[in-house]
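Q: Residue numbers (the UniProt record's numbering), protein chains in the order written: chain A, 1 to 345; chain B, 1 to 345; chain C, 1 to 345; chain D, 1 to 345.
Keep in mind that the hints are not guaranteed to be accurate.
Since the list can't tell identical chains apart, any single copy or any two copies may satisfy a pair.
In silico DSSO-like pairs for lysine-lysine, Cα to Cα no more than 30 Å straight-line [unchecked claim]: (1) LYS95 <-> LYS279; (2) LYS95 <-> LYS81; (3) LYS265 <-> LYS122; (4) LYS106 <-> LYS279; (5) LYS279 <-> LYS188; (6) LYS106 <-> LYS88; (7) LYS139 <-> LYS254; (8) LYS253 <-> LYS122; (9) LYS254 <-> LYS167.
Please keep in mind that the hints were generated in silico from the structure rather than gathered at the bench.
These numbers come from a predicted model, not from an experiment.
Protein chains: 4
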Amino acid sequence: MIRVGIIGATGYAGEVLTWLLNNHPNVNLVFLASHSYGNSPFSSTYGNFTNIIEDLCIDTVKVYDNLDNIDILFTALPSGKTFSIVKKALENGVKVIDLGADYRLKSYETYEEWYNITHQGKELLKNAVYGLSEIYREKIKTSNLIANPGCYPTASSLALIPLLKHKLIDTNSIIIDAKSGVSGAGRKASTNNLFIECNDSIKAYGDAHHRHTPEIEQTLSCEANENILLTFTPHLVPMNRGILCACYSNLDKKIKLEEIYNIYKEFYNNELFIRIIDKLPETRWVKNSNYCDIGIRIDQRTNKIIVFSAIDNLMKGAASQAVQNMNIMYGLPEQTGINLTPMFP
Amino acid sequence: MIRVGIIGATGYAGEVLTWLLNNHPNVNLVFLASHSYGNSPFSSTYGNFTNIIEDLCIDTVKVYDNLDNIDILFTALPSGKTFSIVKKALENGVKVIDLGADYRLKSYETYEEWYNITHQGKELLKNAVYGLSEIYREKIKTSNLIANPGCYPTASSLALIPLLKHKLIDTNSIIIDAKSGVSGAGRKASTNNLFIECNDSIKAYGDAHHRHTPEIEQTLSCEANENILLTFTPHLVPMNRGILCACYSNLDKKIKLEEIYNIYKEFYNNELFIRIIDKLPETRWVKNSNYCDIGIRIDQRTNKIIVFSAIDNLMKGAASQAVQNMNIMYGLPEQTGINLTPMFP
Amino acid sequence: MIRVGIIGATGYAGEVLTWLLNNHPNVNLVFLASHSYGNSPFSSTYGNFTNIIEDLCIDTVKVYDNLDNIDILFTALPSGKTFSIVKKALENGVKVIDLGADYRLKSYETYEEWYNITHQGKELLKNAVYGLSEIYREKIKTSNLIANPGCYPTASSLALIPLLKHKLIDTNSIIIDAKSGVSGAGRKASTNNLFIECNDSIKAYGDAHHRHTPEIEQTLSCEANENILLTFTPHLVPMNRGILCACYSNLDKKIKLEEIYNIYKEFYNNELFIRIIDKLPETRWVKNSNYCDIGIRIDQRTNKIIVFSAIDNLMKGAASQAVQNMNIMYGLPEQTGINLTPMFP
Amino acid sequence: MIRVGIIGATGYAGEVLTWLLNNHPNVNLVFLASHSYGNSPFSSTYGNFTNIIEDLCIDTVKVYDNLDNIDILFTALPSGKTFSIVKKALENGVKVIDLGADYRLKSYETYEEWYNITHQGKELLKNAVYGLSEIYREKIKTSNLIANPGCYPTASSLALIPLLKHKLIDTNSIIIDAKSGVSGAGRKASTNNLFIECNDSIKAYGDAHHRHTPEIEQTLSCEANENILLTFTPHLVPMNRGILCACYSNLDKKIKLEEIYNIYKEFYNNELFIRIIDKLPETRWVKNSNYCDIGIRIDQRTNKIIVFSAIDNLMKGAASQAVQNMNIMYGLPEQTGINLTPMFP
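With the rest of the complex left out, here is chain A (with noise of 0.2 Å):
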């Protein structure tokens, strides 16, 4: 059984999390960690567990005395918040999955720029994976530090390198619009995502200048093997969970829709969780699930290409992705303990 420990329990994606791992038959859940919550039982914070999970939440700064039970530690804390635990947990010989953005960026410069952050742990970033698992399965297998990809760059990477792999596309033309339900916000306390300020209306956010920019913007870099900027905008939805992008490109020339289906299938070929759908992808039909669907359309008049995915931002956005790239870390089947059936209505 692999022991685990989890920082960050009582957000949003640290319950769903919590609840994959407690349900996952190769882990054994030692404790349950919360910045806000800690000493409470984590059922009083998230109701659905009454009767399942009715262990008080450690205090965070607990954790260091805790290392020692555990064999993993996922830490879902906002930026910044675990540079010390992180860099303490690998001393004592943890693996870690960090599900927030401290390493994602190579470049800690970059960090700083978009996050206004001092990176605390750039000696770490050389070595830290970038788990998108799909793509980096490779590396992710031997690392001891995986940086689990955010949620809008999950779908928008999963959507675009297929593009880029084979050179279809005007990489200077790339737009990402993106839409994300409530809980991308957060279970923070704040009149901006109160029922009633968000129900019933839709808005962008981010000024044109949202910290996954940069984050999307390295992974297809790397891929196209050139340097790629791109616009990236993301829409709040009166909706609990669910991530849709539309990521708009030139094609370099014309070619078939049919053509461009047939490289989305080859390249995801044996890819459980990536489906490749004729119909335009919609959040409800991967709410709970791992799956990333896939859809594409041209429009011949402008010589666009639209790739539209879907995710639910809580799972392969966040908490199952990292379920996932701990299984290829521990050499377990990939969909081990995140096999679910997307859940609808």
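Given the coordinates of chain A, assemble chains B, C and D onto it according to the supplied hints.
A: Then chains B, C and D, alone, in the frame of chain A:
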């Protein structure tokens, strides 16, 4: 392996049932039949099943030819639509779990009065067992025909039976005020159930004469060993899933809340799926699960007791209770395939 | 022109009140005061008012200096926050309509018991008039201090008063099961009211001890001319606006529904804002309006009567009833500035 | 008084139009005609109008007999359903404002290609005026046949025209990613628009070939004085009302955001219903109003500009713009009857 067929697989309860049985370790799902979507792939109606169930639904009429291939048949059609196939199935030695209302009421006259349908299977009523799993477990074990309870009756009966068993209330005073998500209204195209007509509004319906009334009365009368009439009012709430019941009645004498809680905890002592909770139940804490959460309050000023119960109408109120009953019939551990932790958010 | 000031303009009720008064033909809106958003433009909190009200909100403490400039003050702050300013205003000859609860209960002991706040304006209680416009119109005309009714009490009282006036029910049997949109919970940042915590779920709250209980009892007792205790249970529904009440009670004798309807139609004969309807009320049909829709059903089997009432909690349940009361106080046609047809969808 | 008739009053746009015209000080509403609800009271379809409009809807076919009684006819039916009555009305000297698509495209070939309907009113196209009020005000004044713009084209065109007028962008680079509430899908009973199918999910639709594409292109081409093709993708969002457009294009040269803002403010200088705002638009701030909010961002890194626009799809995107056009045609102050402050929450 238990060989299973489902009629009505493309309704909402049928789809959830398909989800559960497709993941059930002891089940071989032989066919999905659909009245409206015969001969089209199940996944074209429910995109969540893409790559997971690509089989065609068969036409409902084709079920007759397939009875030899199954051990048990689940029917999830509107009232009055399955008299003929149920009879045929039982004659062929196929067990039946009916998620509809046709075999719930012991009196066919009551059925005909409230449903306005001529009962064409009266001779089966004697042997049909009402599948409220926690209460009628022993009878379910040996039955070939289970009348799976309605969603409102499941939540209401589980909430009230302990009070009646202990003769704590005035049985003339029962009022059940129930609230349901829109999935309870089914998947038929109707103006009333359009997004725009349901969103951001609440209404009562049924005109104090909802069909689930005599079903609840039958169960409570049986458990109280006296004839009970009650007032039942359902409401439609703008949410996908969930039922919350507020069950009001007059206490016969002064009694402490703590004492009531002890009675409930003892009554449901070993029940895995009934959670007696201190807080008031919320439908979000039972979503996607077979749990029924029960919380209790006494209004000391008026000596009224209010028992609140919450279920997922498509799970404990339909599909997962049906599977629970199947498990009981086949001597499987009762939680097999339905032991899902509720999912939030 | 009536010169008006509002305290608490940036709460939800305050914002709707601002909307109404800003469009009222007889009103000059002198100042908007806000506890949390003093010195920032009203439109920066409520973007709907961009280009329409660009004035700064003033700090609540500045209201004292502005009493000379107004004829009437609307207060829409949490309980216990306006004792001092209300006193001062009345001393300065400024009329007051309080949308809070401080002057609703005639007995300060009851107030202190249910609100757990020391009443610091007891001497005003004698002259305060409870502003349920249709019932207390005559007293409102000559009052300087109106205690504007709570949202639940407005809907409940209007539904039940005709029954009590006609001595048709057992007054010990009243149960009010009420459902409210989330705007009733106010605009304070709290985890409980986040979109994710409220969406797609329903819960009861208040533990059978909600503060609106004694307010409803006071009104009904007064109208019935006997002391009434009742059971009141509010629920939170995932919608922006609206309250639906189901008011249950035992009929004293057999009576036809038609007869009851005639009694209600006669009782509310000339009332513009009360609609006695044959169908069951739905909150969507009263949205953005001052209407209260009432529909009635009798459960002949149990001889219980259920009166359903629907209002917009921010309008008839708060802001538009406050304006209605102002119109009455100033001898204006009662519908001035609040004669909005409900808006759907 | 302007004597008005409405065809299609029981659709969502028709109902909102009825709301507006019923409250319009210069209008006498002569008849409401409905295809599906002829001979039933308008208030039985829309309960918000109980006691307010109790008149029966007339059958659509009866409109021919009523043309003498009206000065202007509003048609709000699906495409291709009003060719005959519009012709007849114009022959009788009745002005027409068509909320449908039949007269929006100057080229009947384009209409027939995108709508797959034979155009039976080609001779009227020459004189029909496209009713984008702020842009074509002068032509609207003297027209007898107004083609009221589509919801997406209104939001898109108002957002992009200033850029085109000032030749600031590469006209081959325009991408419009639009999001609409479900009321845009109409009131027809269809499984796709059920609450359960739309709630808590988002999808794109139209397959990069939505019918509003040529309408937007026509307007922008006209204003840019060159032939423009663009890519347009609509999405369905789980909310009642509102459209948000993100309009992307490549800037021809470096330009400061402030300069762009000045251009927009000057372009829409005296326009009451266009608000150029610093923040990003949100649909909730324009709900129930005729406003179009526009906010702009430049992605300096890619030199792309994004213009965001928000409208209420049933108001500025349909009914209130139609009334605005009527006001222009009759020389009334343009805001008459539509000068509503947006309503929140």
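Q: Can you give me the call for LYS139 and LYS254, within, between, both or neither, at a CA distance of at most 30 Å?
A: Intra 36 Å, inter 41 Å, cutoff 30 Å: neither.
Q: Can you tell me if LYS265 and LYS122 fall within 30 Å by alpha carbon in one copy, between copies, both or neither?
A: neither (38 Å within a copy, 46 Å between copies)
Q: If the cutoff is 30 Å on CA atoms, where do LYS279 and LYS188 land: within, between, both or neither? Let me know, please.
A: between (36 Å within a copy, 22 Å between copies)
Q: Under a CA distance limit of 30 Å, which applies to LYS254 and LYS167: within one copy, between copies, both, or neither?
A: Result: close both inside a copy and across copies, 13 Å intra and 28 Å inter.
Q: If the cut is 30 Å between Cα atoms, do LYS95 and LYS81 qualify within a copy, between copies, both or neither?
A: within (18 Å within a copy, 53 Å between copies)
Q: At most 30 Å between CA atoms: does that hold for LYS106 and LYS279 within a copy, between copies, both, or neither?
A: Cα proximity of LYS106 and LYS279: none, with 36 Å in one copy and 32 Å across.
Q: Taking 30 Å as the upper bound on the Cα-Cα distance, should LYS253 and LYS122 be classified as within, between, both, or neither?
A: neither (42 Å within a copy, 38 Å between copies)
Q: Checking an output row: LYS95 and LYS279, CA cutoff 30 Å. Within, between, both or neither?
A: Neither, since 40 Å and 38 Å both go past 30 Å.
Q: Can you give me the call for LYS106 and LYS88, within, between, both or neither, at a CA distance of at most 30 Å?
A: within (21 Å within a copy, 63 Å between copies)
In the structure shown, a violation is registered for the earlier hints numbered 1, 3, 4, 7 and 8, in ascending order.
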